[in-house]
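2 protein chains.
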Amino acid sequence: MPKRTFNRLDDDKKERVMRAAIGEFQAHGFEKAKIEVIAQNAGVAKGSIYQYFDDKKELFIYSVTWALEYFMKVIDRQTPLKDMDVYDYFLSGSRERFKLLKREPLLVAFSMDVVSGKYGSLAKEVNSELNRIGEEYELKLIANGRKRGTIRDDLDDKTLLLFFQGVTEKFTTEIMEKAEGFKYEPTEEQYCEMESLMRKMVSLLKQGMGR
Amino acid sequence: MPKRTFNRLDDDKKERVMRAAIGEFQAHGFEKAKIEVIAQNAGVAKGSIYQYFDDKKELFIYSVTWALEYFMKVIDRQTPLKDMDVYDYFLSGSRERFKLLKREPLLVAFSMDVVSGKYGSLAKEVNSELNRIGEEYELKLIANGRKRGTIRDDLDDKTLLLFFQGVTEKFTTEIMEKAEGFKYEPTEEQYCEMESLMRKMVSLLKQGMGR
DNA sequence: ATATAATATGACCCATGGGTCATATTATAT
DNA sequence: ATATAATATGACCCATGGGTCATATTATAT
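Sequences listed follow chains A and B, in order.
Using our numbering, you'd call the opening residue of the first sequence number 1 and step up by one each time.
Using our numbering, you'd call the opening residue of the second sequence number 1 and step up by one each time.
Check each hint, because a few of them may be wrong.
[Said to hold, decoys possible] Negatives, chain B to chain A, calculated, CB over 12 Å:
hint, residue
1, Lys13
2, Ala20
3, Asn41
4, Ser48
5, Asp54
6, Trp66
7, Tyr70
8, Lys73
9, Leu91
10, Ser92
11, Glu125
12, Glu129
13, Lys140
14, Lys147
[Stated by the list, open to error] Keeping only pairs whose Cα atoms sit at most 30 Å apart, straight-line, the calculated DSSO-like set for lysine-lysine is:
hint, chain 1, residue 1, chain 2, residue 2
15, B, Lys56, A, Lys34
16, A, Lys124, B, Lys34
17, A, Lys32, B, Lys56
18, B, Lys13, B, Lys46
19, A, Lys3, B, Lys32
No lab work stands behind these hints, which were simulated from the structure alone.
For every residue, glycine included, the Cβ atom is placed at its ideal position computed from N, Cα and C.
Whole structure, please, built from the sequences with the hints as guidance.
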C-alpha cells in the first residue's frame, strides 16, 4: 500500500503517477523499468516517488492493484445478467474487453501481461486471487448449463472449465495481437472480423461442450 | 553464436556451461540471472564465460538454441507417423512431452517459458520461427482431416487451428503445473490422472471440431 | 503576518553485477 | 626441452539506477 502522502494527493496527480508507472512497467518489464523515467512522465521529481511508495516493488504491486480496481469500477457498471450461459458470458465478455481496449489500450495490455504471468512471482497474489474469482464464476455458469441440459454430462466440471478457459484465453490473446496492429482505432472491417471469429469460437465451444 | 573457444571445448564442459546457464535463467529470469552464479555452477571462472560468449544476451540466446536443438534431437528419434490425425498428434505429443518432463524437467520448463513468451523480445526470433513450424504442421493435419471428412467443413483452417492450439496449450500448462508438484517422479496414479485428462480433452476437441 | 507541519526536489550515495585485462596455466608444435 | 599459441582465472573497473537526505517550497493553523 502507498504511503499516507500519496493518498492525500489530488486524484489527477495520483492518476498521472499510476499511469506513468504502468506505462513504464508495461513497456520494459519490472527490472528494466526506471523510477527516474516514471517520475519524469508523471511530472514529478524522482524523490517524490519515494515520498509516495517505499520502493519499486511496492509501486509495482500498487500499479497492478490500481489497474485492477479501474476495471472493477468499469465492469461493475454493466451488471452481468444473472443466469447467463457460458457462451453469452464469452461473447459479452469479449465485446466488453474489446471496447475497453479501444479506450484504455495501456491498462488492458498491462492487465493482460499480469494475468499471463509475465511478471512472474511479483504479481502472484493478486493473480491467483483473480483466477480464483474467475474460476468460481465460470464453474457456476457450467453448473447452470448442466442443470439446464445444454452441457454434456459425461465430463466433470474441472475438465470443461479447462477446455473453456483454453479456448477463451487463446481467442483473447489473438485479438490482442491483432489489436496491436490497429493502432488504435480499428476499422469497421476489423471489428467485423473480430465478431466473426468470436462467433466461430462459440460454435466450437458449443459443439464441444454441448450434447 | 558462441566464440570459437567455446566450440573447441569438450562436450562435457559445454554441457555443464549450458545447463548452468539455463538453470539460472529459468530460475531468475534474464535480468536477475547472474553470470557469476552460472560460472560457479558450471565449475569455471566468471572470466571464462566471456571467453565463450560476447555477453549475457548472447549466452541467453544460445541457451535457447541449445535447448531447442536438444529437443530436435530427441524428437527426431521418434519419427512421426505420416498421415496422423490431429487427435493422435495431440495424444502422442503430450505423452512425449510428459516423458521428457521426467527426464529433463529443467529443459522442458525452460522451453515452456520461452514459448510462453516469458522472456519477451529476447527470444522473439527463435520463438516465432518455432510457432511457424508448429503451425504449418498442424495446418497440414487439419487439412488432412478435412479431406478425410473427420473435420467439420463449415469453419476455416485458421479458426480450427486457433481452437486446437488454445485447448492443447491450456492442457500442457495444466500438466506442467501439476508436474511441479510431482518433484520429480510422478506416481502411477498421477500418471493415470494425466492420461485421463488427456482423453477427455481429445473428446472435447473431437466433438468440437468433428462433424 | 508568523510559525509549523507537510510535501517537493534533485544532488548525492552506494551496492550491484556486467564486462575487462594482465597474468598464470595448459596445450600444441618443433 | 623449448617456444608459442590458446585458454583459464579472478581482481578490478565502472556504468547504472534504486534509494536517501538536506534543503527549498508550499500548505495549514493561529
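For B/Tyr70, which was marked as not at the interface, is the minimum beta-carbon distance to chain A over 12 Å?
-> 24 Å, holds
Separation of B/Glu129 from chain A, once the least beta-carbon distance is taken, above 12 Å | 17 Å, holds
In terms of Cβ atoms, is chain A entirely out of 12 Å range of B/Lys140?
-> 20 Å, holds
Straight-line alpha-carbon gap A/Lys124 to B/Lys34, limit 30 Å = 23 Å, holds
Non-interface claim for B/Ser92, where every Cβ of chain A lies beyond 12 Å | Its Cβ never comes within 12 Å of chain A, the nearest being 19 Å, so this holds.
Hey, does B/Lys13 actually stay past 12 Å from chain A on C-beta?
-> Holds, because the least Cβ-Cβ distance between B/Lys13 and chain A comes to about 30 Å, which exceeds 12 Å.
Regarding the assertion that B/Glu125 does not contact chain A, is the least Cβ-Cβ distance greater than 12 Å?
-> The claim holds: B/Glu125 sits with its nearest Cβ about 17 Å from chain A, beyond 12 Å.
Straight-line alpha-carbon gap A/Lys32 to B/Lys56, limit 30 Å = Distance ~15 Å between A/Lys32 and B/Lys56 Cα, so the pair holds.
So is B/Asn41 really clear of chain A, every C-beta pair being over 12 Å apart?
-> Check passes; 21 Å lies beyond 12 Å.
Is B/Lys56 within 30 Å of A/Lys34, Cα to Cα?
-> 20 Å, holds
Taking the closest pair, is the beta carbon of B/Asp54 still more than 12 Å from chain A?
-> 20 Å, holds
Beyond 12 Å from each Cβ of chain A, as asserted for B/Lys73 | At about 29 Å from chain A, B/Lys73 clears the 12 Å cut-off, so the statement holds.
Of the numbered hints stated above, none is contradicted by the structure.
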